[in-house]
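Going line by line, the protein sequences match chains P and W. So for the first sequence, our numbering puts the first residue at 62; every next one is plus one. So for the second sequence, our numbering puts the first residue at 715; every next one is plus one.
None of these hints come from the bench; they were simulated from the model. Think of the CB as a built atom: it goes at the ideal place given N, C-alpha and C, for glycine as much as any other residue. Mixed in with the good hints there might be a few duds.
[As the list claims (entries may be wrong)] Label-pair ranges, simulated between beta-carbon atoms:
hint	chain 1	residue 1	chain 2	residue 2	range
1	P	Thr262	W	Glu995	26 to 36 Å
2	P	Leu318	W	Phe728	29 to 39 Å
3	W	Met851	P	Phe242	35 to 45 Å
4	W	Pro1149	P	Arg142	37 to 47 Å
5	P	Thr144	W	Leu1080	40 to 50 Å
6	P	Glu146	W	Met781	31 to 41 Å
7	P	Asn150	W	Gly1071	50 to 60 Å
8	P	Leu252	W	Met851	40 to 50 Å
9	P	Leu145	W	Pro1149	33 to 43 Å
10	W	Leu1088	P	Gln251	21 to 31 Å
11	P	Phe305	W	Ser788	31 to 41 Å
12	W	Trp1027	P	Phe276	14 to 24 Å
13	W	Trp1027	P	Arg142	32 to 42 Å
14	W	Leu1096	P	Gly273	35 to 45 Å
[As the list claims (entries may be wrong)] Away from chain W, derived, C-beta distances all over 12 Å, residues of chain P:
hint	residue
15	Ile68
16	Arg69
17	Arg79
18	Ile90
19	Phe139
20	Leu167
21	Lys193
22	Gly256
23	Leu282
24	Tyr286
25	Ile293
26	Leu299
27	Leu318
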Amino acid sequence: MAIGETIRNSQIWKSIFRHPMPLDRRNRIVVMLTNFFLHLHPVSIKKQGIALSFTWCMGGVTFFLFLVETVTGVLLMFYYRPTLEWAYNDILALRDVTSLGILRELHRWGAHAMVITTWLHMYRVFLTGSYKPPREFNWVVGVILLLLTLLLSFTGYLLPWDQLAIWAITVGSNMARATPFLGYEGPGQQLLTVGGIDMITDASDARFGLLGARFVGEETLNRFYVLHCIAIPLAVALLLAIHFWRVRKDGGISGPL
Amino acid sequence: MHSNGFFLKDVAGFLGGYYSAIAIMNGIAALILWRKKGQVGWALVWTAVAVVMMVLASLALSGSSSMVPALPASVRGLVNNLSGPVLYTLGTVALLTVLFVFRKFFVRPMVAWAILNAMLVLMGLSMADENFASIVMKPDNVPIVGLVFLLAFFTWLATKQAVVNDERIAQGLPTVEKENDEKVLVWPDLVYTELICMVAVSAFLLVWAIFLQAPLEEPASSVKTPNPSKAPWYFLGLQEMLVYFDPWYAGVVLPSLVIFGLMAMPYLDFNKKGNGYYSIEERKFAYLTYQFGFFVLWITLIILGTFLRGPNWNFFGPFEYWTPYKVEVLNNVDLPQMFWVNLLDRPLPKASPGASGLVQAGTILLREAPGLLLMGAYLLLLPPLLAVTVFRGYFAKMGLVRYMIMANMMLLMLTLPIKMILRWSFNLKYIISMPEISLNF
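Required output: the full structure, derived from the provided sequences and hints.
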C-alpha cells in the first residue's frame, strides 16, 4: 500500500498520468478527459449504448482485431520476404521451424475473424436503424471500411505464394478483365479503338493494373505486398479515425440526436 | 466410395470432445435454469439432453464404425440425391420465411436452445461422414462454420429484442432501449467491458491459432490449375453468381452496385421510426430487403459456393465425394434462339457478310430485340408503373430522384433471383447475347 502510494506520488508517475487514480466520481470523469487513449470516449454514456445485448461489441472487436493484425503483421514483416525465391519458403519455415511461427496463425485467423465481425457490426447497425440521420455519412464511411477490409484480406491471401494463394487471386482478379470498357474481355472494349488500334489489351486493361502483369506473378506479389502492408492500412487508419470521431460528433452509437 | 475405418479413428477424439462440450453446455444451462430461474422442469430436460450427449461422446470415442453416431448411409444418400441448387436455394428461402413469420415462437429461449442443440447434433452426426468432414474441416472453411452459428445466434438475439419492442410499441409503451436511457460513467462501466472483450477475443484467437494450423499447400505453380479453383471464401457468393451471369455483371457490375446500394441506403430510407432500437414491425420493408440481400443473396450463396460446389463447379450433395468425373448435362439456350428459332421457326437475323456497319448493327439489334425490349421494359417501364401502384406512398414521400434510385436498385438486385428462376425453369442462358461486343446478359 505504501509502495503504491509512493509510486503514484512520484514525479515520474505524475508526469505520465495527468490525473489521480479514477477511484472517485470526480476522477472517473477527469480520467476520460485527460488520457490520450481514453479521450476517444465520452465521459458518460447512455446505459443502453453499452449493453452487450444491444451493441454485440462487434465494432470494438473489429477495431481490436485490426490492432492485432497490425501488431502481428509488423512482426511477420521482419521475417517474410515478398519475392518468388523466398515467399513460400519463409511461410514454410514459419510453420515448421521458426519460433513464434504461431504469429502467422494469429494473423490469418484474425483476418478471417475481422471479415466476419465487420459483417456482424454492420448487421447490428442496420437492425438498430443506427444509419438513420444524423449518421448517414458515418454509414457510408463504414461501407468503405468494409470494402477495404475485404481488400486487405484479399491482398494478404496472395502472400504465402502457395497453390491456394495464387489460384484464389487468379480467380478473383480474372473478374477485372471483364470490366465494361476497361477490361480486354469486357463488353464495349471493342469500341475503344483509335485508328484501328485497340486501346484495351491484356497489357493495358483493368486486370493488368491490378496485377502489374498479364498473370499473377512476381510483379503481383510485390504490388499486393505494398497494398497489404502500407497503402490499404493507411487508408483504413484514416477512415477509422473519421469513423470514431463521427460516432462522437453524431451523438453516440445510435438513436436520434 | 472410400473405406472410412482410418477416418473414424482420426475423427473420434474430436467428436468425443465435441459431444462432451455440448453436454457441458446443457449442464450449465440446466444449472442456471434450476438455481437462478427456478424452472426445475426445463432444468431436468436439459440435464437429460446432457446425459444423452455424454453417451454420444463415449460412443464417438470408441472410433469403431458400428458405434460412432452417424447418419445412416441411406439418409445420407437420400440427402445427396435430393439436394441441388434449386432445392438448396428455395429450401433456404422457405426456412428463413418460416423463421420470420413465426418469429414470436422461435425467439423463445427454450425453443432457440432446442434448435441450437439440434444444429450441433446434426453437425456432429454429419462430421462422422468422411466426405462432409473433409470439406468442412479444411482450415479456411472453418470460419464459415463459425459464421453460420454466429449469424444464427445474433439474429436470434436481435429478433428477440425486436419482438419485445414491437409488442411494447403496440401497447403504447416505450421501447426497452428508451427505458434504459439514463447515463452512466464510461469509467468503469464501458472501459472494463472493453477490457474483458479484448481479453476474451485474444484468448479465443490464441486457442484457435494453437489448435488449427493455417493452410499452406504446394508451392505456387501457374501451370497446375487446381479443380475447383476458388476465390477466398468471402467472394464465393460472387463466384456462384458466375453460374447465372457473365463476369462483367457478376464480378464487376453487381459488386459495385452492392457497394453503391449500401452507401445509398441511409439516403433512401425515409422512415424516421426504428432509429436506435430493435424493431421489425416499424420498418418491415427495409428489414426484409436487407435480410433478403444479406441472407439469401450473400450468405447462402457463400455456403453453396464453399461447401457444395466441387470440381468443374458442379453441385455436390453435402455427403458426396468430390469426383472430377461428374458429368452434368448443360443445354442452356439464349433468348434470341428461343424467340426466333423455337417460337417463330425462323433463322436468327443475320446480315450478309459485305453489309455496311450500320446494317450489321441494325441486324444485331433486331436479333436481340426481344431481350432488349424485355430489359428496357423491366428497367424503364416498371419503375413508373410501380410508382403509381405498389410504391405510390413511397413515391410521394421520396420524390422522383430518390424513388428512381431506390426502384432501380431493387430491380437490379432482383435480376439475380429472376435469372436463377429462368435458368432453372427454362434453361435460359442469356437474355441478351451480343458476342460482337462481348455483351451477354
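Structure-based check of all given hints:
1. At about 56 Å, the CB distance of Thr262 (chain P) to Glu995 (chain W) disagrees with the hint of 26 to 36 Å.
2. In this structure the supplied range 29 to 39 Å is violated for Leu318 (chain P) paired with Phe728 (chain W), their Cβ-Cβ distance being about 51 Å.
3. Under the hint 35 to 45 Å, the C-beta atoms of Met851 (chain W) and Phe242 (chain P), about 43 Å apart, fit the expected range.
4. Hint check: Pro1149 (chain W) to Arg142 (chain P), Cβ distance near 45 Å, so the stated range 37 to 47 Å holds.
5. For the pair Thr144 (chain P) and Leu1080 (chain W), the supplied restraint of 40 to 50 Å is violated, since their beta-carbon distance comes to about 55 Å.
6. At about 51 Å, the CB distance of Glu146 (chain P) to Met781 (chain W) disagrees with the hint of 31 to 41 Å.
7. For Asn150 (chain P) paired with Gly1071 (chain W), a C-beta distance near 56 Å keeps the hint of 50 to 60 Å intact.
8. About 49 Å separates the C-beta atoms of Leu252 (chain P) and Met851 (chain W), a value consistent with the hinted range of 40 to 50 Å.
9. Hint check: Leu145 (chain P) to Pro1149 (chain W), Cβ distance near 37 Å, so the stated range 33 to 43 Å holds.
10. Restraint check, Leu1088 (chain W) to Gln251 (chain P): a C-beta distance of roughly 24 Å satisfies the suggested window 21 to 31 Å.
11. Under the hint 31 to 41 Å, the C-beta atoms of Phe305 (chain P) and Ser788 (chain W), about 56 Å apart, miss the expected range.
12. Between Trp1027 (chain W) and Phe276 (chain P) the beta carbons are some 21 Å apart, a value that agrees with the proposed interval 14 to 24 Å.
13. Against the hinted window of 32 to 42 Å, the Cβ-Cβ separation of Trp1027 (chain W) and Arg142 (chain P) comes to about 35 Å, which satisfies the hint.
14. Separation of Leu1096 (chain W) from Gly273 (chain P) is about 43 Å and conforms to the stated range, judged on CB atoms against 35 to 45 Å.
15. Interface exclusion of Ile68 (chain P) from chain W stands, the closest Cβ pair being 20 Å apart, more than 12 Å.
16. With a least beta-carbon separation of about 17 Å from chain W, Arg69 (chain P) lies farther than 12 Å from that chain, consistent with its non-interface assignment.
17. Taking the minimum C-beta to C-beta distance to chain W, about 14 Å, the non-interface status of Arg79 (chain P) holds against the 12 Å cut.
18. Against the 12 Å criterion, Ile90 (chain P) falls within the reach of chain W, whose nearest CB is about 7 Å from its own CB.
19. Non-interface status of Phe139 (chain P) relative to chain W is upheld: no Cβ of that chain comes within 12 Å, the nearest being about 18 Å off.
20. For Leu167 (chain P), the condition that its CB be more than 12 Å from all CB atoms of chain W is violated, with the nearest at approximately 5 Å.
21. Its closest Cβ contact with chain W, about 4 Å, brings Lys193 (chain P) to no more than 12 Å, contrary to its assignment away from the interface.
22. Remark: the non-interface label on Gly256 (chain P) is consistent with the geometry, its nearest Cβ contact in chain W lying 16 Å away (cut-off 12 Å).
23. For Leu282 (chain P), the requirement that its beta carbon stay farther than 12 Å from each beta carbon of chain W is not met, with the minimum near 9 Å.
24. Every C-beta of chain W lies more than 12 Å from that of Tyr286 (chain P), the closest at about 14 Å, which supports listing it as non-interface.
25. Every C-beta of chain W lies more than 12 Å from that of Ile293 (chain P), the closest at about 15 Å, which supports listing it as non-interface.
26. No Cβ of chain W comes within 12 Å of the Cβ of Leu299 (chain P); the nearest lies about 18 Å off, and the non-interface call holds.
27. Not every CB of chain W lies more than 12 Å from the CB of Leu318 (chain P), the least distance being 10 Å, so the non-interface label is violated.
Hint compliance for this structure: hints 1, 2, 5, 6, 11, 18, 20, 21, 23 and 27 are broken, all remaining hints hold.
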